[in-house]
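2 protein chains.
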Amino acid sequence: MRLSKYFLPILKENPKDAEIVSHRLMARAGMIKQQSAGIYSWLPLGKRVLDKVCDIVREEQNRAGAIEILMPTVQSADLWIESGRYNDYGDEMLRIKDRQDRAMLFGPTNEEMVTDIFRSYVKSYKDLPLNLYHIQWKFRDERRPRFGVMRGREFLMKDAYSFDLDYEASKAAYNRMFVSYLRTFERCGLKSIPMRADTGPIGGSLSHEFIVLAETGESQVFCHRDFEGFAVPPADLNYDDDAAVAGIVEKWTTPFAATDEIMEKEDWARAAWDGLAEEARVSARGIEVGHIFHFGTKYSEPMNAYVQGPDGKQHFVSMGSYGIGPSRLLGAIIEASHDEAGIIWPKSVAPFDVGLINMKPGDTACDAACEKIEAALENAGLDVLYDDTDERAGAKFATADLIGLPLQVIAGPRAVAEGNVEIKVRATGERETLSIEAAINRLAEAR
Amino acid sequence: MRLSKYFLPILKENPKDAEIVSHRLMARAGMIKQQSAGIYSWLPLGKRVLDKVCDIVREEQNRAGAIEILMPTVQSADLWIESGRYNDYGDEMLRIKDRQDRAMLFGPTNEEMVTDIFRSYVKSYKDLPLNLYHIQWKFRDERRPRFGVMRGREFLMKDAYSFDLDYEASKAAYNRMFVSYLRTFERCGLKSIPMRADTGPIGGSLSHEFIVLAETGESQVFCHRDFEGFAVPPADLNYDDDAAVAGIVEKWTTPFAATDEIMEKEDWARAAWDGLAEEARVSARGIEVGHIFHFGTKYSEPMNAYVQGPDGKQHFVSMGSYGIGPSRLLGAIIEASHDEAGIIWPKSVAPFDVGLINMKPGDTACDAACEKIEAALENAGLDVLYDDTDERAGAKFATADLIGLPLQVIAGPRAVAEGNVEIKVRATGERETLSIEAAINRLAEAR
Numbered sequence: 014m015r016l017s018k019y020f021l022p023i024l025k026e027n028p029k030d031a032e033i034v035s036h037r038l039m040a041r042a043g044m045i046k047q048q049s050a051g052i053y054s055w056l057p058l059g060k061r062v063l064d065k066v067c068d069i070v071r072e073e074q075n076r077a078g079a080i081e082i083l084m085p086t087v088q089s090a091d092l093w094i095e096s097g098r099y100n101d102y103g104d105e106m107l108r109i110k111d112r113q114d115r116a117m118l119f120g121p122t123n124e125e126m127v128t129d130i131f132r133s134y135v136k137s138y139k140d141l142p143l144n145l146y147h148i149q150w151k152f153r154d155e156r157r158p159r160f161g162v163m164r165g166r167e168f169l170m171k172d173a174y175s176f177d178l179d180y181e182a183s184k185a186a187y188n189r190m191f192v193s194y195l196r197t198f199e200r201c202g203l204k205s206i207p208m209r210a211d212t213g214p215i216g217g218s219l220s221h222e223f224i225v226l227a228e229t230g231e232s233q234v235f236c237h238r239d240f241e242g243f244a245v246p247p248a249d250l251n252y253d254d255d256a257a258v259a260g261i262v263e264k265w266t267t268p269f270a271a272t273d274e275i276m277e278k279e280d281w282a283r284a285a286w287d288g289l290a291e292e293a294r295v296s297a298r299g300i301e302v303g304h305i306f307h308f309g310t311k312y313s314e315p316m317n318a319y320v321q322g323p324d325g326k327q328h329f330v331s332m333g334s335y336g337i338g339p340s341r342l343l344g345a346i347i348e349a350s351h352d353e354a355g356i357i358w359p360k361s362v363a364p365f366d367v368g369l370i371n372m373k374p375g376d377t378a379c380d381a382a383c384e385k386i387e388a389a390l391e392n393a394g395l396d397v398l399y400d401d402t403d404e405r406a407g408a409k410f411a412t413a414d415l416i417g418l419p420l421q422v423i424a425g426p427r428a429v430a431e432g433n434v435e436i437k438v439r440a441t442g443e444r445e446t447l448s449i450e451a452a453i454n455r456l457a458e459a460r
Numbered sequence: 014m015r016l017s018k019y020f021l022p023i024l025k026e027n028p029k030d031a032e033i034v035s036h037r038l039m040a041r042a043g044m045i046k047q048q049s050a051g052i053y054s055w056l057p058l059g060k061r062v063l064d065k066v067c068d069i070v071r072e073e074q075n076r077a078g079a080i081e082i083l084m085p086t087v088q089s090a091d092l093w094i095e096s097g098r099y100n101d102y103g104d105e106m107l108r109i110k111d112r113q114d115r116a117m118l119f120g121p122t123n124e125e126m127v128t129d130i131f132r133s134y135v136k137s138y139k140d141l142p143l144n145l146y147h148i149q150w151k152f153r154d155e156r157r158p159r160f161g162v163m164r165g166r167e168f169l170m171k172d173a174y175s176f177d178l179d180y181e182a183s184k185a186a187y188n189r190m191f192v193s194y195l196r197t198f199e200r201c202g203l204k205s206i207p208m209r210a211d212t213g214p215i216g217g218s219l220s221h222e223f224i225v226l227a228e229t230g231e232s233q234v235f236c237h238r239d240f241e242g243f244a245v246p247p248a249d250l251n252y253d254d255d256a257a258v259a260g261i262v263e264k265w266t267t268p269f270a271a272t273d274e275i276m277e278k279e280d281w282a283r284a285a286w287d288g289l290a291e292e293a294r295v296s297a298r299g300i301e302v303g304h305i306f307h308f309g310t311k312y313s314e315p316m317n318a319y320v321q322g323p324d325g326k327q328h329f330v331s332m333g334s335y336g337i338g339p340s341r342l343l344g345a346i347i348e349a350s351h352d353e354a355g356i357i358w359p360k361s362v363a364p365f366d367v368g369l370i371n372m373k374p375g376d377t378a379c380d381a382a383c384e385k386i387e388a389a390l391e392n393a394g395l396d397v398l399y400d401d402t403d404e405r406a407g408a409k410f411a412t413a414d415l416i417g418l419p420l421q422v423i424a425g426p427r428a429v430a431e432g433n434v435e436i437k438v439r440a441t442g443e444r445e446t447l448s449i450e451a452a453i454n455r456l457a458e459a460r
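Chains as they are written, first to last, in the numbering used here: chain A, 14 to 460; chain B, 14 to 460.
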């Protein structure tokens, strides 16, 4: 992509209302634009990262056996009256009347609708286990939207819903999602720690939040140092092996871990923390990036979602739900990976793989070198953002650092005259001068 | 994908309210489920096709130089008051009050919001041309939603918006979208014919609808037989060559073409039709799949979207907008390509490439043959839906024909005992018995 033909509106100033670094950097890097309080447009650079995050989420959901669907944003109030949640949700629910004066709402979550889909089609235990997910815009009318896309009103959510015959099977479904979340966040460049959590308006008895450690995190968290050494399961994990999956969950839930919310409310948590040796304690800032719930028959009973079991009897299905906010996750990645100059994207979610900077567009040798590098890298399957604009060098460097592409290639007239370019690694700042051929090979390998 | 682990709820009966064949087939093939009037969930098979259609739309938008963004669904009424359209839109606009009692709405289209994005960042003619598009859910509160996803209330739309310094440049932008639409529909297996159209609530002076011919189409259309021989431009068309692109538009807009709406309203259209030789006349049923508009400064003037020109003066930008409904397009594909037994997907949008039917699951030889074929085809990059269920053969054949995968492989115990399977081409019904190896090779080539 040529920057001269792209739409990358870099801001020099921080937005006044941007309280946290990810919000500031996303606005300055031309990734998002606020349209109303808590409602954002995703500009081209932001959209590219959002797509990459969603692709990782989707791949890991599919790997764990979840099946993708797509439910609408606007829901009928009837379903929520049926489940008994219509009044519980309070002012956060965006209620709508359509032209026929029917009560509708902009979905804040989809337990009711997916249960309706399930009961419409599934009649037998033979069709279980079933886990349906979608990635769709949600709306929660927060009293005080803030932190950019981290706590917006309209936000993207991946929500999965599992249906099983009994508690044991639904616990296995919960475990599969638990493990897929560990993998999802690691692939986004994040180390996540699962922590027991409150269930809030979703309900149920068992719930974990996945917390990413970041100095600028929104809340204080407390955990055992053992987590630092834990390895995330590999891609070829057999998700059909319930015992193996349960073993991973066991391992990741054994050491102490709790949010400040739990520490305040639960005496056991405070006692467990106090019981830890000083050197085992990690107290840090964290950001919630995922939340999973097991709630059994909370929705299936009032909504009459049952299957015929092997015993010939009707059983209300046991359910769980599993949420990741890709827009929020993207913010968390920036909170965890940035410096004074801007964003430092992990390779897996970078909007482009390489930033190619032509220091003197119009100079025949520089143009030829850049075009050669651009073509060779794109041929090798890399996405290149080629800065062919007339900006001065300082501004180009600042933009490249701000938008945080993992690798930069700098083609200046002096180096190019000697057949060379410079490669810069964004994360470390390391620079190296290489021949054009060697630079192409190095970058193609880095893919 | 194993059908035993998939979610493909086939219906035996047509939904009562399904008036048209695409609606009936999508419901019966387990692609969609109605949630409220004109509001649908996309089930796994439907979601896969929708994604394929969106990918084609996206690729052709990018090829023509449009840049993808993503605007939110909920908009502030303020922007629409600014443009003067807030009252024009009438009851079709879904109006919403948020918890602060602010007037919001679920976007039916995005001219206002994208103009707001433009004016926030772009100041100079040097940043033009610019064309921003997104693929996002829209809501139009139709008085009488019907025809399944063809005329839903919540529907997916790809809408692109071009910004140029003057009329001539914006006409070139219009032409690029015109040509990209021809390519988009052809890649979806459809022949589209551009017809002059009314501009309706979008406004402006120049507009074309793209109509696909299908016996079950919603409206009568009239055109010259010349269109039958027109070839769609190739993928390597140079979209930067304004003259070449204009030449293609000229060619495709010269022969007579009009919808019944235009024929009724415009005397010139009736006269032109009457003037055609009998053998040149094609009168057929058609479906609108795209609509493009040039409206100049209709939004840029009231909303103060201008750039500094080369003359140093301020110029309101000249704009156009360009819409394709992927959900509607999907319905049109089915209208144009089905038979008594079900859907016949064009290869480019098929949810899976191959349906693999095991006639006797549990039979060691059949299972081994199917697993070998499944692995080999997936290795070759094909998406396989493997029917490993216990259904009886007749039901499996009916399902395979209903969901319309282009190619079927049938593995029955007698053929497999001789090392053979049968291949069936869905579109023609042709069947051929081949050795397992030969079948794998044939299918891998068909990719």
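These are computed hints drawn from the structure, not numbers from a lab. Just so you know, not all the hints are guaranteed correct.
Each pair may be met inside one copy or between any two copies, as identical chains are not told apart.
Below, in silico cross-link-like pairs of lysine to any residue (SDA-like), each with a Cα-Cα straight-line distance of 20 Å or less [unchecked claim]:
(1) 18 - 283
(2) 18 - 185
(3) 360 - 118
(4) 60 - 248
(5) 136 - 104
(6) 60 - 150
(7) 204 - 16
(8) 139 - 401
(9) 18 - 142
(10) 184 - 255
(11) 139 - 17
(12) 18 - 134
(13) 29 - 210
(14) 65 - 328
(15) 29 - 378
(16) 60 - 72
(17) 139 - 24
Everything numeric in this text was worked out from a predicted model, so none of it was measured.
Status of each hint after checking the structure:
1. 18 - 283: Classified as neither: same-chain Cα gap 56 Å, cross-chain 44 Å, threshold 20 Å.
2. 18 - 185: between (50 Å within a copy, 16 Å between copies)
3. 360 - 118: Answer is neither: 38 Å inside a copy and 38 Å across each miss the 20 Å cutoff.
4. 60 - 248: neither (26 Å within a copy, 25 Å between copies)
5. 136 - 104: neither (36 Å within a copy, 40 Å between copies)
6. 60 - 150: both (14 Å within a copy, 16 Å between copies)
7. 204 - 16: Neither. Shortest intra-copy (33 Å) and inter-copy (35 Å) distances fail the 20 Å Cα cut-off.
8. 139 - 401: between (59 Å within a copy, 13 Å between copies)
9. 18 - 142: between (49 Å within a copy, 8 Å between copies)
10. 184 - 255: Classified as within; 9 Å inside a copy, 61 Å across copies.
11. 139 - 17: For residue 139 and residue 17, only the inter-copy Cα distance (9 Å) is at most 20 Å; the intra-copy one is 57 Å.
12. 18 - 134: between (49 Å within a copy, 15 Å between copies)
13. 29 - 210: neither (33 Å within a copy, 46 Å between copies)
14. 65 - 328: The answer is neither: 40 Å in one copy and 38 Å across copies each exceed 20 Å.
15. 29 - 378: For residue 29 and residue 378, the Cα distance exceeds 20 Å both inside one copy (43 Å) and across copies (69 Å).
16. 60 - 72: Close inside one copy (18 Å) and across copies (15 Å); limit 20 Å.
17. 139 - 24: between (56 Å within a copy, 18 Å between copies)
In summary, the numbered hints that this structure violates are 1, 3, 4, 5, 7, 13, 14, 15.
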